[in-house]
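Just so you know, the protein sequences line up as chains H and Z, in that order. Numbering that gives the first Met the number 0 applies: residue 0 is where the first sequence begins, and numbers increase by one. Numbering that gives the first Met the number 0 applies: residue 0 is where the second sequence begins, and numbers increase by one.
Hints were generated in silico from the structure; no laboratory data involved. Just so it is clear, CB atoms sit at the ideal spot from N, CA and C, and this is done for glycine as well.
Which residues of chain H face chain Z? A partial, calculated answer using Cβ under 7 Å:
id: 1; residue: 120
id: 2; residue: 123
id: 3; residue: 270
id: 4; residue: 271
id: 5; residue: 320
id: 6; residue: 321
id: 7; residue: 322
id: 8; residue: 326
Cβ pair distances, simulated, as ranges:
id: 9; chain 1: Z; residue 1: 234; chain 2: H; residue 2: 196; range: 52 to 60 Å
id: 10; chain 1: H; residue 1: 139; chain 2: Z; residue 2: 267; range: 45 to 53 Å
id: 11; chain 1: Z; residue 1: 317; chain 2: H; residue 2: 217; range: 29 to 37 Å
id: 12; chain 1: H; residue 1: 397; chain 2: Z; residue 2: 235; range: 31 to 39 Å
id: 13; chain 1: H; residue 1: 87; chain 2: Z; residue 2: 334; range: 54 to 62 Å
id: 14; chain 1: H; residue 1: 196; chain 2: Z; residue 2: 109; range: 26 to 34 Å
id: 15; chain 1: H; residue 1: 75; chain 2: Z; residue 2: 267; range: 33 to 41 Å
id: 16; chain 1: H; residue 1: 99; chain 2: Z; residue 2: 317; range: 40 to 48 Å
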Amino acid sequence: MNLLCETPSPSRRALLAATGGLFAWAYLPKFARAADQRDPRLVVIILRGALDGLSAVAPIGDPDYAGLHGQIALSLSGDHPAIPLDSFFALNPAMPVFARLYRAGQGAVVHAVATPYRERSHFDGQDVLESGFPGPGRVGSGWLNRAIAALPRGAPVAVRGGLGVGATTPLIMRGRAPVLGWSPQTLPQPTEDLANRVLDLYRHRDPLLAEALMQGLATEKIAAGEMDKTPRGGFATAAGMRQAAQGAARLIAADDGPRVAALAFDGWDTHANEGGATGRLAQLLGGLDGALEEFERTLAPVWQDTAIVIATEFGRTARINGTVGTDHGTATVAFLVGGAIKGGRMIADWPGLKPDQLFENRDLAPTTDLRAVLKGVLADHLGLGGRVLAESVFPDSLAVKPMNGVIV
Amino acid sequence: MAADLHAGFIALNRFGLRSRRGGDLAAAASYPRGFLRAELEQPGIAALEAPDLPRTAVALKILFTDQEQQRLQRLAADMTIQTASLEESPGTAGTPSSAKPKEAPKPPPPAIQQVFRTEASARLRRILEAQPGFVERLVQFWTNHFCVATMKGGFVRIAAGAFERDAIRPHVLGRFGDMLQAVESHPAMLFYLDNQLSIGPNSPAGQRTGRGLNENLAREILELHTLGVNGGYTQADVTALARIITGWTFAGRAGQLGEPGSFVFNANSHEPGEQIVLGRPYAQRDVGQGRAALADIARHPATAQHLAFKLARHFVADEPPPALVAKLTDIFRNTDGALKALAVALVDRTLGMHRARRCAIPKNVSTRRDGLSGACPKIPANSSARCFSRHAALGPAWTERFSRYCRRLGEPRRHESAARNLRTHRRSLARFAEPARSSRRDCRRSRIERNTPGDCARRIEAAGVGFVVDVPGSAAPMKGARR
Numbered sequence: 000m001n002l003l004c005e006t007p008s009p010s011r012r013a014l015l016a017a018t019g020g021l022f023a024w025a026y027l028p029k030f031a032r033a034a035d036q037r038d039p040r041l042v043v044i045i046l047r048g049a050l051d052g053l054s055a056v057a058p059i060g061d062p063d064y065a066g067l068h069g070q071i072a073l074s075l076s077g078d079h080p081a082i083p084l085d086s087f088f089a090l091n092p093a094m095p096v097f098a099r100l101y102r103a104g105q106g107a108v109v110h111a112v113a114t115p116y117r118e119r120s121h122f123d124g125q126d127v128l129e130s131g132f133p134g135p136g137r138v139g140s141g142w143l144n145r146a147i148a149a150l151p152r153g154a155p156v157a158v159r160g161g162l163g164v165g166a167t168t169p170l171i172m173r174g175r176a177p178v179l180g181w182s183p184q185t186l187p188q189p190t191e192d193l194a195n196r197v198l199d200l201y202r203h204r205d206p207l208l209a210e211a212l213m214q215g216l217a218t219e220k221i222a223a224g225e226m227d228k229t230p231r232g233g234f235a236t237a238a239g240m241r242q243a244a245q246g247a248a249r250l251i252a253a254d255d256g257p258r259v260a261a262l263a264f265d266g267w268d269t270h271a272n273e274g275g276a277t278g279r280l281a282q283l284l285g286g287l288d289g290a291l292e293e294f295e296r297t298l299a300p301v302w303q304d305t306a307i308v309i310a311t312e313f314g315r316t317a318r319i320n321g322t323v324g325t326d327h328g329t330a331t332v333a334f335l336v337g338g339a340i341k342g343g344r345m346i347a348d349w350p351g352l353k354p355d356q357l358f359e360n361r362d363l364a365p366t367t368d369l370r371a372v373l374k375g376v377l378a379d380h381l382g383l384g385g386r387v388l389a390e391s392v393f394p395d396s397l398a399v400k401p402m403n404g405v406i407v
Numbered sequence: 000m001a002a003d004l005h006a007g008f009i010a011l012n013r014f015g016l017r018s019r020r021g022g023d024l025a026a027a028a029s030y031p032r033g034f035l036r037a038e039l040e041q042p043g044i045a046a047l048e049a050p051d052l053p054r055t056a057v058a059l060k061i062l063f064t065d066q067e068q069q070r071l072q073r074l075a076a077d078m079t080i081q082t083a084s085l086e087e088s089p090g091t092a093g094t095p096s097s098a099k100p101k102e103a104p105k106p107p108p109p110a111i112q113q114v115f116r117t118e119a120s121a122r123l124r125r126i127l128e129a130q131p132g133f134v135e136r137l138v139q140f141w142t143n144h145f146c147v148a149t150m151k152g153g154f155v156r157i158a159a160g161a162f163e164r165d166a167i168r169p170h171v172l173g174r175f176g177d178m179l180q181a182v183e184s185h186p187a188m189l190f191y192l193d194n195q196l197s198i199g200p201n202s203p204a205g206q207r208t209g210r211g212l213n214e215n216l217a218r219e220i221l222e223l224h225t226l227g228v229n230g231g232y233t234q235a236d237v238t239a240l241a242r243i244i245t246g247w248t249f250a251g252r253a254g255q256l257g258e259p260g261s262f263v264f265n266a267n268s269h270e271p272g273e274q275i276v277l278g279r280p281y282a283q284r285d286v287g288q289g290r291a292a293l294a295d296i297a298r299h300p301a302t303a304q305h306l307a308f309k310l311a312r313h314f315v316a317d318e319p320p321p322a323l324v325a326k327l328t329d330i331f332r333n334t335d336g337a338l339k340a341l342a343v344a345l346v347d348r349t350l351g352m353h354r355a356r357r358c359a360i361p362k363n364v365s366t367r368r369d370g371l372s373g374a375c376p377k378i379p380a381n382s383s384a385r386c387f388s389r390h391a392a393l394g395p396a397w398t399e400r401f402s403r404y405c406r407r408l409g410e411p412r413r414h415e416s417a418a419r420n421l422r423t424h425r426r427s428l429a430r431f432a433e434p435a436r437s438s439r440r441d442c443r444r445s446r447i448e449r450n451t452p453g454d455c456a457r458r459i460e461a462a463g464v465g466f467v468v469d470v471p472g473s474a475a476p477m478k479g480a481r482r
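One chain only, chain Z, in its complex shape:
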């Protein structure tokens, strides 16, 4: 076959979710870049919608209702106990068993869990169906970038799926600035980083209650979401941004500020006055102050550099080529953060790069059987190797496959290092049915988001559902995990 099997393999495994039955390796190999880019052109490809997947406000209304019901149940239970103890007063003693409050009927699975599972199943289906899945990989990348952790509690747990569908997916092939605005005003993010509690000390609410700022969200916007930790901001910038986004909150159950569960700007708790962030003054008196600041931060050169590096590290190598990062930075700045242009550039430059760097197949290694002929052992292994070594909790199928691959390619060192990480496999096995409750740190640092329904689905896949590898010239496809 004249087709470039190696590039096809990269296209499917590095940018997509895997190879599937039905000869898509051959298709990918015939025109790897086009194969990936075609997916980007499909209308509505990033959207994930179904009747049982609630919008953010709807999900939160389910939560509010559930919380209210539980409160009433507790209240009722307390009253039953009180009544029972009254009945136990002298004179009615002698029937202690009947005096006990009746065992409450077991509550149905909490609404939160139900919504979460529905969201997780939807991701699992999408991952199995997506072909090649480059767009889903981008969704996962940006969802991880704007991580919200379900360990924060039921609020984030029920809203995490809607957060990804409402704030990430609509912009994953759009503009970064729009995604940033959507994310930072989403109730899940506001709650995750405490912003609904943050009150301008000089606002009417601050004056009345004596409460004040919480800089959690402001710091993470600058450190994690935009400029990056070395992006040149100061503590004063963090505090100023925290003041700017006071009043960014969501409406509660009673709906005094707006539709329950939706983003609202509460002028009553917004810090008055001009603020200066990164040397620029913001004098607006309302939500426009934060909108303007975020718009500028999204266009900041440090943001372009930070995101270009992170994308290149995710899709290309732990230490990506500086030229690639520079190119992506340029594209980000010249297109005002057009994420589709960045995705296209990643594909074009990476697949081109690999062709240029082709090296010889080591002796005594047969790769033909797995359709890897012509593959350079160093290149497909590079970033994924380190990624697997560091994040071995991906699941047995991944590591087994990788381990086998390295050994076959005569790289015993990597083979051993992969194998060393297998001690985590048993835990992965236990974990694959449920998303891990990982720390915020893991969540933000790992290449794969670990706290969202998408992760749950991806992990299930990693644990053995997927990995169908096409084998040119052989009768039947092999399943990596189940042979």
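Bound conformation, chain H alone:
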């Protein structure tokens, strides 16, 4: 526990209440979490390319599912049976770790969920998912960064800032709040000698640059640790996802490391030969599952205070296309994982899969706004107030109420 963590004193609260009145109160984040001395960790994993929610968590109990998803539909029988989550939904068998966490009450699935975006462009879809605005192209910052920035000064999460994993910080983590950047190696490591020479060059030419390089080297030391330094081949491979998760987990587990991390995994755009219980998508889901295992292992000491959110820009067509894949769709799934998640349950207002129940006779119809889920996590896990969430974190979303009871 960090002893330097500043908790608000009663006098400061009183002063604020007295001077600002109710109006100011509404903008003031709750201090519940700071007060009970929790030191929460929050990880958001974006699946770029649009995850087929109906193949990740299949509505086995829906009479129309098997017909629509054809030869890639999951089923409870066969060589690779899906893992039942309740009497209606079953999980892709490539995700045994999530299944275990779900049974332990530490994993939940939100189904038929979507951002407010209703078109089918990856780029605009990801922009809406990450910016937290109701439409694309509005802003250059991300909701996760604005959430950190909205926390009271001195809150552990605000002090330590965020972690952006990848060669460039994902939009979701860009903004005013401080962000540490790290990316796993996809190529052989340069020798230490090279790093030292470059550092020496920078020291003579540009101290600021030298300082930045030194910080980068120190970050890599924490992130890589004893990890096998073999490059694993990027964020679209199972090994790469595991490697990214391990590094990110080490950084946010560190006493003085960031508390909120954003990662992005690639390759979910399964237009052709998607596969079902095995195949291309199953391999990716297995990679994601491996990443969850790495987080669970590395964050074990703080697992009770950890929440992981997994989301994608939109779903895919309910009906498979002519190449045994799926094209761009609308609603999909979001996963919630971690000791802080009130799990072991499916969260879904199921819209059905009959032609007139599909969105534009094509996609799973959205019944839950992803922002409600994210707001629920931010409110109960980081202690952000409803007004802040509706105005600065997810602008123009007053009508979208935070989902209650997502966090233990």
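Dock chain Z against the given chain H, drawing on the hints supplied.
For chain Z alone, coordinates are given in the frame of chain H:
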């Protein structure tokens, strides 16, 4: 010097690849626009040809042969294992080591990698030699616009260089419509966006196999390549275009449809019937249906607007002046997409614009030493500043240089923001020898293509090979990255 050093600097660094030794800053400064335009007039300037650079079909034949060899090797290995296990049957036991299949000799570097490296080296050489390199910048712009990602696999990896040489370069100073036709019928693009798998459900092949459409390429043609995401098309247009381009594929190893590795139209999998795209009917029964649709889409006003904006954003500013975009849109429409006219207009209007907007040098800042005297700090920094902030993976030399530049010009905020991005530098260092496997999204969105041999070369340059800056009045030129 009466010459306009600032405009010369812009000409070399914004439109070209950099300043080189040999006084080209002075040359550029004496007549910046002419300096850039002269390059556009050189015959064959965009072509990149060498005996070891294979044409598309040749590259793909190398791939097919390689794949076939690997298949045979696997087959042979399987048979060896089977034979070995037979030999291990009771009676012959006792020599377990000799029964094991022999370790296969290490295969030579895969053909794919070899071709890719040859292509990358050719770009590196070209970038080092190009002067001022405006045409290479245009090649990079259009290759990025029509991105194919090597992470898709060996097919794209071996064909990416040939794609750029065969589909982009011949048209980079020609017509957009011709480039579009070449790109959308190129095997690398067809494979990258799955079109060889897409089958008309009512075509003979569709009826026989029960397979059907894949709308991946059709959507990206409209969203990314032509109209733009807000270009006014609907899901119905995407589906109709997908039907129109069924049958657009390439011949395989056996060559049943044509020369292996070349574009072919396979009537057997083409969806029959008239289709309507953007309100226009297309009744042709063959490849002409797609050709006609692409020709119309290339001339669509939304395409002109989309491409004009993108060019202006790339070469001028993140939020380009609307008047410039409007002018470029007009030129695109009036010239039927003449890309050379657009390049000329970009140069003329941008360099003119900067002269008009000249502002004072801030106090306490000496710029003379780097040959930047008379420079306005706001202008050279604008688009590149934001570009660098967002795409810091360019490499240390770029950012170091930019960071220093901002600080010298008294812009601490930009200096810090550039410096903040330096944490990525170490990764860039590691990466510069190999192209990054970036996501499709990064690939399409970034200003610099990240998955082609050209990028590889450019990154090597960014990491420290280039950046020779001429210094008027000083004895020796400085190397930005190596001083």
